[in-house]
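Just need the whole structure built from these sequences, with the hints factored in.
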Amino acid sequence: MQKIKILINGEWKSGWARPGQTLLDFLRKELFHTEVKRGCERGDCGACTVIMNDTAVDSCLILALQANGATITTARGLGTPDNMHPLQKAFAEKGAIQCGFCTPGMILAAQALLNRNQNPSREEIKRGLSGNLCRCTGYEQIIDAVESASQQLSGV
Amino acid sequence: MHQHYYKDPNMKISRHLFPESITEAIDLLRKGKGKACLIAGGTDFSVEIREGSNDFEILIDTAKIPRLREIELRDNEFFLGSGVTMARVEENEAIQRGAGVLSQACGWVGGPQIRARATLGGNIVSAQPAADAALALFALDARLTIIGPEGKKTIQIEDAYRGVGESAINSRKEIITSIRFRKHTEDEASAFFRLMKRKALTLPMLNCAVVVRKIGMKFDRVAIALGPVAPIPLRMKRAEESLNGKPITRDLIIEAAQISSEDASPRDSVFRGSGSYRKAMTRVIVTDAIKAALSQLNVEID
Numbered sequence: 001m002q003k004i005k006i007l008i009n010g011e012w013k014s015g016w017a018r019p020g021q022t023l024l025d026f027l028r029k030e031l032f033h034t035e036v037k038r039g040c041e042r043g044d045c046g047a048c049t050v051i052m053n054d055t056a057v058d059s060c061l062i063l064a065l066q067a068n069g070a071t072i073t074t075a076r077g078l079g080t081p082d083n084m085h086p087l088q089k090a091f092a093e094k095g096a097i098q099c100g101f102c103t104p105g106m107i108l109a110a111q112a113l114l115n116r117n118q119n120p121s122r123e124e125i126k127r128g129l130s131g132n133l134c135r136c137t138g139y140e141q142i143i144d145a146v147e148s149a150s151q152q153l154s155g156v
Numbered sequence: 001m002h003q004h005y006y007k008d009p010n011m012k013i014s015r016h017l018f019p020e021s022i023t024e025a026i027d028l029l030r031k032g033k034g035k036a037c038l039i040a041g042g043t044d045f046s047v048e049i050r051e052g053s054n055d056f057e058i059l060i061d062t063a064k065i066p067r068l069r070e071i072e073l074r075d076n077e078f079f080l081g082s083g084v085t086m087a088r089v090e091e092n093e094a095i096q097r098g099a100g101v102l103s104q105a106c107g108w109v110g111g112p113q114i115r116a117r118a119t120l121g122g123n124i125v126s127a128q129p130a131a132d133a134a135l136a137l138f139a140l141d142a143r144l145t146i147i148g149p150e151g152k153k154t155i156q157i158e159d160a161y162r163g164v165g166e167s168a169i170n171s172r173k174e175i176i177t178s179i180r181f182r183k184h185t186e187d188e189a190s191a192f193f194r195l196m197k198r199k200a201l202t203l204p205m206l207n208c209a210v211v212v213r214k215i216g217m218k219f220d221r222v223a224i225a226l227g228p229v230a231p232i233p234l235r236m237k238r239a240e241e242s243l244n245g246k247p248i249t250r251d252l253i254i255e256a257a258q259i260s261s262e263d264a265s266p267r268d269s270v271f272r273g274s275g276s277y278r279k280a281m282t283r284v285i286v287t288d289a290i291k292a293a294l295s296q297l298n299v300e301i302d
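Protein chains in written order, with the numbering used here: chain A, 1 to 156; chain B, 1 to 302.
It should be emphasised that the hints constitute simulated quantities derived from the structure, not laboratory data.
Any given hint might turn out to be false.
[What the hints assert, rightly or not] Which bits of chain B does chain A cover? Going by a derived footprint, with three or more residues having C-beta under 8 Å, they are:
(1) 101-114
(2) 193-205
[Said to hold, decoys possible] Far from chain B by the CB rule (all over 10 Å, computed), these chain A residues:
(3) N9
(4) K13
(5) I62
(6) Q66
(7) L78
(8) R122
[Said to hold, decoys possible] Not the full set, but computed from the structure, chain B residues with beta-carbon under 7 Å of chain A:
(9) R15
(10) G42
(11) V47
(12) I49
(13) S53
(14) K183
Every residue gets a Cβ at the ideal spot worked out from N, C-alpha and C, and that includes glycine.
Here it is, written out as structure tokens:
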């Protein structure tokens, strides 16, 4: 076991990681960040997406020790129920959520996209979210939500 | 209770080390005596480790070796560190212009999250016949510099492959340091085509990387790499020879595509489609890729 430190949602947290343990497993079991969802665990679904050092990554495909010292944002770091992030608000307003399991990953992938590209086209949004699966909504509402949030965030 | 969700993590990995130089990495591999293995982006290995199917115990991570992340263009030749990610190749403007086939190929690997981590070196040593980036490197006649206990050597990318998932590069002993290939000339262009069930996050049913160089209205040098139609990515040598030195015509391209289809031996696959379908589609994908490369040289074939 090795002690590692992560700057998660603006706060340094440390915990014991086992060599070979995935970042997903470490975040959920060691740091209790259960908003990071465990989906396929093989990089096919994107439910476990977090933003690591400004880039969206699948936390199931990263080993915890590889994230030592990294800056990580999870859905909990974006907003609170009383003070929702524009993306979270747009997802609620546009009906981009049904069961909600893909939502944390979907919103973080969208946030990583908007960090690089403030006004993405619908095609660019689709490509930015192409690593995330949703089995409920059919994607259209999700794309609408990201489009609406991007307009709001960039003041268009 | 809840064993499926809360099973213990893999206990087989005893250590995960982060050398800061290539020399140190080679040394750690040597000390590992076959039980230590290199890991780069980890997009394949983390799944293998979680499932417990790994047969190595010590991970030698390349993340802290800066030299492996460099992208350089010297004397019209690209030098890419083996730790360069798919996302960086995809977004690099010099590579987009000077070896477009590789940027395009890297843009098809996985989804954005995977491209942010997966590396060129990993794409090569995993030795999959359908690996998009590796296929483009075949068409670019890439050469690999490898450092191991016996020193440094440079090999052609073809020589890095032994079979499906079987690399000639031993990641428990040696490391690919750089991948080099020539930048396109003024009369050279390239294209990458992929046949697949969805537009993202899916394995290719067929993929094709083409580099075309012309002199006037003749083909000068054509490279066609095709996957997965054999145990390793395959250069369609007979089809290439049928074009080299010949005038650029529609009929000749169709003939080369036909030869490619004859030389391809795709298997029946639940994931990728039937062998006969993919063999037939080889004609289409090769034709389209050659036409797309020519189109960038302002030669339009209808």
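Status of each hint after checking the structure:
1. 101-114: Holds, because 5 residues of the stretch 101-114 of chain B bring their Cβ atoms closer than 8 Å to Cβ atoms of chain A.
2. 193-205: holds (count 3)
3. N9: holds, 19 Å
4. K13: holds, 19 Å
5. I62: violated, 6 Å
6. Q66: violated, 6 Å
7. L78: Holds, since 17 Å exceeds 10 Å.
8. R122: Given a closest Cβ separation of 14 Å, the condition holds.
9. R15: Cβ of B:R15 sits 6 Å from chain A, so the hint holds.
10. G42: holds, 6 Å
11. V47: holds, 5 Å
12. I49: holds, 5 Å
13. S53: Violated, because the Cβ-Cβ distance from B:S53 to chain A comes to roughly 12 Å (cut-off 7 Å).
14. K183: violated, 27 Å
Hint violations for this structure: numbers 5, 6, 13 and 14, all remaining hints satisfied.
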